[in-house]
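Colleague: Sequence:
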Amino acid sequence: MSLKEQLMADYKTAMKEHDVTTKETVNLVRAAIKQHEVDQKVALEDDADIVPIIKKQLKMRRDALADFEKAGRTDLLDGYNKEIEVLERYLPEEMSEEEILAAVEKIADEEGIERSMKSMGVMMKAAMAKLHGKADGSLVSKMVKEYLSK
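Residue numbering for the sequence shown follows our numbering, beginning at 659 and increasing consecutively.
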């Protein structure tokens with residue numbers, strides 16, 4: 659079942675079960691996908707094209723959490739945490755720090771990249787090309803810095 663089909667099935671299930679948080683969150687994701695399709699004049703059928711849209715929605719909610727905490731709006735925190743849980747269900751499992759570090763070491767060996775901070779740009783470009791969609795970019799950057807600074 660494709661991610662689009664899964665979202666539609668979960669939307670219907672949430673409506674039947676009166677799960678308002680899941681229904682609204684899934685509906686917002688479906689709307690974001692539809693908006694992307696309209697803006698780009700494409701039909702997104704591949705899950706790899708839909709994952710970045712879900713990640714963007716997830717990032718928006720995580721950023722809002724920090725803002726709510728600063729403003730003392732604890733009443734909104736629970737709802738956004740539930741939405742984050744719903745969104746995370748649709749994302750593939752991301753790599754751990756250890757897996758990323760091992761991949762970075764392998765990439766450096768394969769590409770013959772010098773182990774110094776001067777190689778940061780080249781290393782990041784190669785690492786993100788291989789790990790795109792499998793690992794968070796900020797975590798990859800952290801692991802590349804750790805690898806190059808050893």
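The hints are simulated quantities; they were obtained by calculation from the structure and are not laboratory data. Since the structure is predicted, the reported quantities are computational estimates derived from the model, not experimental observations. Mixed in with the good hints there might be a few duds.
No farther apart than 30 Å at their CA atoms in a straight line, the calculated lysine-lysine pairs in the DSS-like style are these [claimed, not checked]:
id : residue 1 : residue 2
1  : Lys713    : Lys699
2  : Lys681    : Lys670
3  : Lys662    : Lys740
4  : Lys740    : Lys674
5  : Lys674    : Lys728
Colleague: All the hints need checking, so say for each whether the structure fits it.
Modeller: Do the hints match the structure? See the list:
1. With a C-alpha separation of about 21 Å, the suggested pairing of Lys713 with Lys699 holds against the 30 Å cut-off.
2. In summary, the hint linking Lys681 to Lys670 is supported, as the alpha carbons are separated by about 8 Å, within the 30 Å threshold.
3. With a C-alpha separation of about 21 Å, the suggested pairing of Lys662 with Lys740 holds against the 30 Å cut-off.
4. Straight-line distance between C-alpha atoms of Lys740 and Lys674 comes to about 19 Å, which keeps the hinted pair within the 30 Å bound.
5. Between Lys674 and Lys728, the direct Cα distance comes to roughly 36 Å. Violation of the 30 Å bound is thereby established for this hinted pair.
Of the numbered hints stated above, the single one contradicted by the structure is hint 5.
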